[in-house]
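Per the numbering used here, residue 1 is the first one in the sequence shown, and the count goes up by one each step.
What the hints contain is simulated information worked out from the structure, not anything from laboratory work.
Careful: at least some of the hints might be erroneous.
[As the list claims (entries may be wrong)] List time: in silico DMTMM-like cross-link candidates among lysine to aspartate or glutamate, alpha-carbon distance up to 25 Å:
(1) LYS505 x ASP563
(2) LYS560 x ASP538
(3) LYS553 x ASP627
(4) LYS773 x ASP55
(5) LYS553 x ASP506
(6) LYS505 x ASP577
(7) LYS560 x ASP500
(8) LYS553 x ASP563
(9) LYS560 x ASP55
(10) LYS560 x ASP170
(11) LYS560 x ASP506
(12) LYS560 x ASP577
(13) LYS773 x GLU544
(14) LYS553 x ASP574
(15) LYS773 x GLU801
(16) LYS553 x GLU504
[Said to hold, decoys possible] Derived CB-CB ranges, DEER-like:
(17) ASP73 x TRP450: 37 to 47 Å
(18) ASP563 x GLY437: 16 to 26 Å
(19) THR304 x ASP653: 26 to 36 Å
(20) THR304 x GLU679: 46 to 56 Å
(21) PRO305 x ASP559: 34 to 44 Å
(22) ASP454 x PRO22: 27 to 37 Å
Even for Gly, the Cβ is constructed at its ideal location relative to N, Cα and C.
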Amino acid sequence: MRLRRTDVRDGWTLLHLEGRAPVGLGGVRVPAEVPGTVHTALHAAGITEDPYLDDQESAQAWIGRSRWRYRTDFDLDDLGPGLDLVFDGIDTVATVRLNGHELGRSENMHRSYRYDIRAAARRGSNALEVDLESPVREADRRSLELGYRPHVNSHPFNALRKMASSFGWDWGIDTASVGIWRPVRVERWTARLSDVRPVVTVEGSLGLLALHIDVARTDRDRRLAVLVTIGGRTIRADLGRDTDRIVVDAEVPDVRLWWPRGHGDPALYDVTVALIDVSDPASEAVLDERDQRIGFRTVHLDTTPDEHGTPFTVRINGRRIEVRGANWIPDDAFPHRVTRDRYAARIGQATFAGLNLLRVWGGGIYESDDFYDLCDERGILVMQDFLFACAAYAEEEPLRGEVEAEAREAVTRLAGHPSLVILNGNNENLWGLHEWGYLSRLDGATWGAWYYHDLLPRIVEELAPHIGYTPGSPFTPAGSGLGDDPDHNDPRHGSIHIWDVWNEKDYLHYLDYTPRFVAEFGWQAPPAWATLTRAVSDDPLTPESPGMVVHQKAVNGNDKLTDGLLPHLRLPNDMSDWHWAMQLNQAAAIRTGIGWFRSRAPICSGTIVWQLNDCWPVTSWSAVDGDGRAKPMLYALRHINREQLVTIQPAPDGLEAAVLNDTDRRWDGELLLERRDYEGAILAEATIAVAVGPRGAQRVRIPDEIGTASSPERELVVAALHGVRALWFFAEYRDSALASASFRAEVSRIPEGYELTVQARTLIRDLTLLIDKADPAGFVDDALVTLLPGEQTTLRIHSTEELDLETLSAPDVLRSANQLVPSVQVMPRRAQVRA
1 MRLRRTDVRD GWTLLHLEGR APVGLGGVRV PAEVPGTVHT ALHAAGITED PYLDDQESAQ
61 AWIGRSRWRY RTDFDLDDLG PGLDLVFDGI DTVATVRLNG HELGRSENMH RSYRYDIRAA
121 ARRGSNALEV DLESPVREAD RRSLELGYRP HVNSHPFNAL RKMASSFGWD WGIDTASVGI
181 WRPVRVERWT ARLSDVRPVV TVEGSLGLLA LHIDVARTDR DRRLAVLVTI GGRTIRADLG
241 RDTDRIVVDA EVPDVRLWWP RGHGDPALYD VTVALIDVSD PASEAVLDER DQRIGFRTVH
301 LDTTPDEHGT PFTVRINGRR IEVRGANWIP DDAFPHRVTR DRYAARIGQA TFAGLNLLRV
361 WGGGIYESDD FYDLCDERGI LVMQDFLFAC AAYAEEEPLR GEVEAEAREA VTRLAGHPSL
421 VILNGNNENL WGLHEWGYLS RLDGATWGAW YYHDLLPRIV EELAPHIGYT PGSPFTPAGS
481 GLGDDPDHND PRHGSIHIWD VWNEKDYLHY LDYTPRFVAE FGWQAPPAWA TLTRAVSDDP
541 LTPESPGMVV HQKAVNGNDK LTDGLLPHLR LPNDMSDWHW AMQLNQAAAI RTGIGWFRSR
601 APICSGTIVW QLNDCWPVTS WSAVDGDGRA KPMLYALRHI NREQLVTIQP APDGLEAAVL
661 NDTDRRWDGE LLLERRDYEG AILAEATIAV AVGPRGAQRV RIPDEIGTAS SPERELVVAA
721 LHGVRALWFF AEYRDSALAS ASFRAEVSRI PEGYELTVQA RTLIRDLTLL IDKADPAGFV
781 DDALVTLLPG EQTTLRIHST EELDLETLSA PDVLRSANQL VPSVQVMPRR AQVRA
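The whole structure should be built from the sequences, with the hints applied where relevant.
Spelled out as structure tokens, the structure:
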């Protein structure tokens with residue numbers, strides 16, 4: 001009998017069991033989708049509003065404090081020798097019953113559950129019930145049972161194996177959702193493949209695959225074998241009657257290596273595993289089959305101390321990779337809504353932004369295989385956190401056993417993805433132990449050290465030795481000379497997080513750091529205008545109107561936005577101008593930080609900006625907002641993450657141009673250096689020969705006659721090499737003599753929408769088309785374009801709307817920094833500002 005899977009998707013209802021609820025809900029069975037959550041079911045039924053709108057967060061807080069029952073009926077016409085009910089994910093604490101028989105309990109959102117239902121099932125109709133406990137009450141109860149452990153935010157999420165950000169974060173809505181969040185199915189079988197785990201290595205031109213296969217069977221008399229097909233070759237291995245585990249080795253000669261984007265093709269190989277019944281040699285029926293793709297590559301995390309401290313360098317196939325990454329959070333507060341197409345769109349935005357790594361943050365989830373499949377295909381490296389974040393975690397039972405089971409299942413499922421190159425023990429828990437005062441508050445209690453330094457590295461070594469491991473982020477590696485208990489956020493050693501910039505300091509203080517690897521840093525801005533006004537209905541809409549405050553989760557977030565803006569721009573009183581100013585300032589902060597960090601190569605080996613995406617409409621550090629719209633920051637990333645980049649930076653004796661070449665080709669030529677005034681006149685110029693080898697960098701001192709301004713408020717430096725240009729402004733926006741933007745514009749139709757050509761009559765800084773104000777579904781291919789007088793740019797607009805020049809060139813749509821600068825000329829307060 002070949003394994004048969006039947007999804008249990010239809011006929012689900014939802015019943016409120018206990019807790020405060022709106023009048024009239026008691027005893028009412030609400031239609032529910034599976035996969036789904038209580039929140040989304042109630043909204044679909046018209047009982048609640050969209051939880052993302054205005055202050056529905058508070059209005060729907062009762063949901064997470066209630067108990068709920070999911071129920072459905074499904075038919076079985078054949079019980080079979082093996083009969084299982086499989087839940088790929090239950091959120092979170094639940095009791096599962098079939099026909100009144102208790103099958104078991106779930107305790108962990110991050111695990112799957114398989115129940116043998118032969119004793120409870122019957123032919124015909126079967127009644128399935130899943131009772132879900134209140135996550136808020138369960139977290140509180142378990143925090144008492146385990147003993148207090150410090151954590152960020154308001155709920156003790158660290159007492160429950162549930163997505164931490166479900167309880168809210170400094171960018172996330174507090175839903176405390178419950179539900180059956182991944183698919184449910186019935187499986188009928190006689191024998192099946194329970195686990196297929198590839199371990200890949202490379203020796204010279206030979207790819208080596210060790211395929212670890214676990215089998216479940218209903219009887220010992222049946223003779224079984226596996227057929228493994230890879231690269232056009234099939235290998236057969238027989239299992240003894242008492243054997244349920246086997247390793248099949250395969251060799252791929254002249255193997256094509258998997259490379260991250262920018263370094264080569266992400267070559268993938270199809271692997272098929274078939275479990276066959278060989279009791280009857282004449283038939284050899286297939287009982288179960290798995291298809292997956294693997295890639296051959298090697299991973300090494302180089303933390304060998306050098307003259308600058310301790311590096312954190314990712315090497316793939318022996319090659320140093322300059323990491324240009326972003327942190328990834330759940331793309332929806334209700335993760336069941338994230339489809340393969342949505343993953344593809346978001347990862348497409350990551351590649352648009354020039355990224356080559358996504359770090360899946362530890363307060364979220366292990367994403368679906370679609371996420372990792374797409375990263376495999378597109379050559380996007382993945383750093384996957386184990387799911388611990390910003391808290392201390394008890395090492396005692398029952399949490400201890402849940403953590404181990406969860407980690408083993410996750411590593412087994414993800415081990416075959418070549419994109420997954422780092423498994424990381426936790427987010428900020430090592431650093432927070434000292435930085436946030438956790439150590440004294442623990443008063444001797446366990447806090448998670450055993451997980452990060454013992455359990456998790458053992459599991460990775462056992463199940464996925466081809467994947468790198470680091471105990472935490474940030475992390476100071478052993479051998480750094482800082483002793484056994486470092487603060488784990490020293491810029492000279494390993495990976496660091498930079499949060500004093502933003503929380504306390506202006507973004508120019510990124511230049512105070514010469515880090516080895518930056519795994520988190522970021523700057524806030526509101527979402528796109530169309531996203532903001534869809535989610536917040538305040539009238540008038542202001543930065544501190546009620547809905548705006550709900551959709552700003554950072555502590556003193558608006559104050560930090562203001563404090564971070566004022567050194568560069570004056571604070572607008574008009575809401576549209578405020579919105580644009582904050583988005584522009586976020587983009588400027590990120591290109592400042594990354595430009596500086598990249599210019600420190602090879603000392604600094606990479607950056608992972610916080611963050612790529614959002615889970616709902618909110619003011620946050622994201623480049624893509626909760627509705628999937630690009631903020632100007634995404635374009636800043638695209639510009640500053642170029643494989644070949646010129647950037648101008650301060651040096652001890654003036655200015656220097658950093659020429660960065662992250663390609664396999666030499667980059668030689670004459671670097672053009674100019675000092676110009678805002679009218680475009682060349683005040684001084686020079687050319688300097690540069691020769692930058694593959695994956696190399698060269699820094700060039702800019703001559704004093706070019707790097708020193710006569711009138712800082714109206715001068716800039718231009719550095720250009722083969723069409724790649726960098727600009728340096730001597731004065732901040734607010735202190736410059738930047739005049740109102742004057743330009744000529746024209747629009748023309750193209751198959752995908754429009755082309756808008758803008759020719760500058762004056763200097764225009766950071767020209768940006770906020771296309772969502774004209775077409776909420778539109779997209780434009782470039783932004784933050786600075787034009788010198790006489791220059792022009794053409795913006796390609798993807799849109800199906802009827803748009804015209806008047807709409808596209810309206811001052812509220814076609815924005816620039818010029819609009820935010822007073823027309824009066826003032827003397828600059830600063831001498832050095834990057835573009």
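Supplied distance hint 34 to 44 Å, evaluated on CB atoms of PRO305 and ASP559: 41 Å, holds
What's the verdict on LYS553 and ASP563, does the C-alpha distance respect the 25 Å limit or exceed it? Roughly 17 Å separates the two Cα atoms, so the pair holds.
Quickly compare the C-alpha distance for LYS773 and GLU544 to 25 Å and report which way the hint goes. Between LYS773 and GLU544 the Cα gap is close to 22 Å, so the pair holds against 25 Å.
Status of the given 46 to 56 Å range, CB of GLU679 versus CB of THR304: Given range 46 to 56 Å: holds, Cβ gap about 53 Å.
Straight-line alpha-carbon gap LYS560 to ASP577, limit 25 Å: It holds: about 17 Å lies between the C-alpha atoms, which stays within 25 Å.
Take the C-beta atom of ASP563 and the C-beta atom of GLY437, compute their distance, and say whether it sits inside 16 to 26 Å. At 25 Å between Cβs, range holds.
Tell me if the straight-line CA distance from LYS560 to ASP538 falls inside 25 Å. 22 Å, holds
Does LYS560 pair with ASP500 here, judged by a C-alpha cut-off of 25 Å? 11 Å, holds
Given the hinted pair LYS505 and ASP577, is their Cα-Cα distance within 25 Å? Given that 25 Å is the threshold and the Cα spacing comes to 23 Å, the pair holds.
With 26 to 36 Å as the target window, see if THR304 and ASP653 comply at their CB atoms. 32 Å, holds
Pair hint LYS553 and ASP627, alpha-carbon separation not exceeding 25 Å: Holds. LYS553 to ASP627 sits at ~17 Å (cutoff 25 Å).
Given the hint that LYS773 pairs with GLU801, does the C-alpha gap stay at or below 25 Å? 12 Å, holds
The earlier numbered hint that this structure contradicts is number 22, and it is the only one.
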